[in-house]
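Chains V and W, in that order, give the protein sequences. Taking the numbering used here, the leading residue of the first sequence gets 841, the next gets one more, and so forth. Taking the numbering used here, the leading residue of the second sequence gets 43, the next gets one more, and so forth.
Certain hints may be false.
Said to hold, decoys possible - Using 30 Å as the maximum straight-line C-alpha spacing, the simulated DSS-like pairs for lysine-lysine come out as follows: (1) W:Lys64 <-> W:Lys309; (2) W:Lys53 <-> W:Lys133; (3) W:Lys64 <-> W:Lys53; (4) W:Lys64 <-> W:Lys133; (5) V:Lys1023 <-> W:Lys112; (6) W:Lys309 <-> W:Lys330; (7) W:Lys53 <-> W:Lys112; (8) V:Lys1023 <-> W:Lys330; (9) W:Lys167 <-> V:Lys1023; (10) W:Lys133 <-> V:Lys1023; (11) V:Lys994 <-> V:Lys892; (12) V:Lys1023 <-> W:Lys309; (13) W:Lys133 <-> W:Lys112; (14) W:Lys112 <-> W:Lys167; (15) W:Lys330 <-> W:Lys53.
Keep in mind the hints are simulated off the structure, nothing from the lab.
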Amino acid sequence: MTRRDASPFIRFCSEFAENRLALFAFSVVVIIVGAAILAPLFTPQDPYDIGKLILGDARRPPGYVGRGGYVHLLGTDAQGRDLWSAILYGLRISVQIGLTAGAVAFVVGGALGVVAAFAGGRIEALIMRFVDLQLSFPTILLALVISAILGQGKWQLTVALVASQYAYFARTAHGAAVAERAKEYVEAALSTPLSSGVVVFRHILPNCMPPLIVVATVQIANAISLEATLSFLGLGLPVTHPSLGMLIANGFQYMLSGRYWISIYPGIALIMLILAINLVSDQVRDQLNPRLQR
Amino acid sequence: MMAALEVRGLKTHFFTRNGVVKAVDGVDLRIEPGRVLGLVGESGSGKSVTGLSILGLIDPPGRIVEGSVKLDGQELVGLDRDAARRVRGRKIAMIFQDPMMTLNPVLRVDTQMSMALRAHESLSKDSIRERSLAALGRVGLPAPEQCLTAYPHQLSGGMRQRVAISIALLHSPSVIVCDEPTTALDVSIQGQILQEMQRLGAELGVALVWITHDLAVVSSLAHDIAVMYAGRIVEHGPTEDVLAHPRHHYTRGLLDSVPGEGTPGEKLAQIPGSIPALIDLPPGCAFKARCGRADGACETMPEIADLGQGRGARCVHPLEAA
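With the hints as constraints, model all of the structure from the sequences given.
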């Protein structure tokens, strides 16, 4: 069986694997996400259990053997948290929020865009002008305002991220769906008694997926960094559940006193994750771009 | 015999900001089961709009303002949306020029065929597969089974058009409107498909309206021919007669413009001027500005004159019969 005959998904995967860098980035993403999900297995301490934190071990450098009897590989923060554990737990929250927000924004934004394109007329104008209006504000500003109103917490943060990111999906889905709507097979389907649902979900939506997937990979990385930004500014999660952004913020004040590790290591973890996701999304974009098709 | 399709006085106008474009302005057509009617004309003559009007696929600002389209005796003009949708695809189908546009690139052929079938009938999986295979086999595809599970991009242009044709045949419609379905294909494939269509039309008793600008296609395929110019039919009759002895000056001009066996370097014949804008068409014969024979009598629009033997021409000064 030649590659041309294989199913689109298999062809996509084998093409993806040809790019070494993207493959490497993808494995980094998998490792980080895997480690984050399985964090309790790889960490000596539960950083969210305040009862187990030992203040006497606070701000110790990497390699210090604490009173708990284990090595603090990356040192400890101002509350005596083992940084390695805190980073993995923080990644866990970041990935969770990033993926959830990305997925919800994908569904909500994609649906709005496709519905707008399909319905046309006033509904389209209403939805798309609202999206345009929202896109004219900086994402961070909107996320800040919403999370300031809703307060701290996981779902509040997710709502803030979805509300500030769905517009990108709506815009993209609308553009693709409008182009799709004009195609003859859509007109043909509409001119027979097929239900609108079948036309939207079987004909229009699958053809809008490539650009939406590209936006999704970029927006998940954005959601993670936005979450970190909000946490850094103290608007994200409660202090007892530090995510990466808050760990960086907490260590910030000790930077000049030589205790670099409290900020630097969470920062490196965050950069690795976002960079890897971006490398993967670059390759996905190149592959799904019809103009670059080989 | 009852006509499969009878079009009377069809007028489709487009109400644009610059004025009313009379794309189709009084077209009469009649076609019997199993026959092929060639609808010929240059770009902008209104032949495609006629085809779309027959299926009721005219979108605003366009509208069918007058006339009737009868399919097996059923009036199609003025049908409400749902009733029209129940007719389209089942009793009348259309095939377009570009099969890359008519087939959905992300769905396999079998999915698209089952959707076309389920749109009108509720069928079991087995009978859907059976009918899809039968339809694909009918259009001369060498391996219908493989074709069924293929995506459109895995098929060649000719195969894609055959798939489009077999989808049109799924419900055994009475009439298929073909809007230049072979224009995008190379000549050898074009010939094969024309042959298949001719055979299918006769076998299944489907009436074909074949819209094209290519006289060679019409001459080998159509039983009857209707020549359109500026939204009206200017000449009609049995294909052989019309092509051998045209009675309208426009038809003559079209035939003379076909590059024949001239000497290389010799200037090709062409009709002077171009088709007039359809907004505010001046009164009289639309062809008079490009016609060598035009005179004062052409200032009033001539009716189609019955010239006997099923022929007619819209001309005050018809060419001599041979």
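Given the hint that W:Lys53 pairs with W:Lys133, does the C-alpha gap stay at or below 30 Å? It holds: about 22 Å lies between the C-alpha atoms, which stays within 30 Å.
Tell me if the straight-line CA distance from W:Lys112 to W:Lys167 falls inside 30 Å. violated, 34 Å
Given the hinted pair W:Lys64 and W:Lys309, is their Cα-Cα distance within 30 Å? Roughly 34 Å between the alpha carbons, so the hint for W:Lys64 and W:Lys309 is violated.
Does V:Lys1023 sit within 30 Å of W:Lys167, going by the straight-line distance between their CA atoms? Roughly 28 Å separates the two Cα atoms, so the pair holds.
Given the hint that W:Lys133 pairs with W:Lys112, does the C-alpha gap stay at or below 30 Å? holds, 12 Å
Given the hinted pair V:Lys1023 and W:Lys330, is their alpha-carbon gap at most 30 Å? violated, 38 Å
Please work out if W:Lys64 and W:Lys53 have their alpha carbons no farther apart than 30 Å. holds, 8 Å
Pairwise hint evaluation, W:Lys112 against W:Lys53, where the allowed Cα distance is 30 Å at most: holds, 14 Å
If you draw a straight line from the CA of W:Lys330 to the CA of W:Lys53, is it 30 Å or shorter? The hint holds at about 22 Å.
Mind checking the alpha carbons of V:Lys1023 and W:Lys112 for me, to see if they're no more than 30 Å apart? Distance ~28 Å between V:Lys1023 and W:Lys112 Cα, so the pair holds.
Does V:Lys1023 sit within 30 Å of W:Lys133, going by the straight-line distance between their CA atoms? Holds: W:Lys133 and V:Lys1023 sit about 23 Å apart, inside 30 Å.
Are the Cα atoms of W:Lys64 and W:Lys133 separated by 30 Å or less? holds, 28 Å
The structure fails hints 1, 8, 12 and 14 (numbered hints given earlier, in ascending order).
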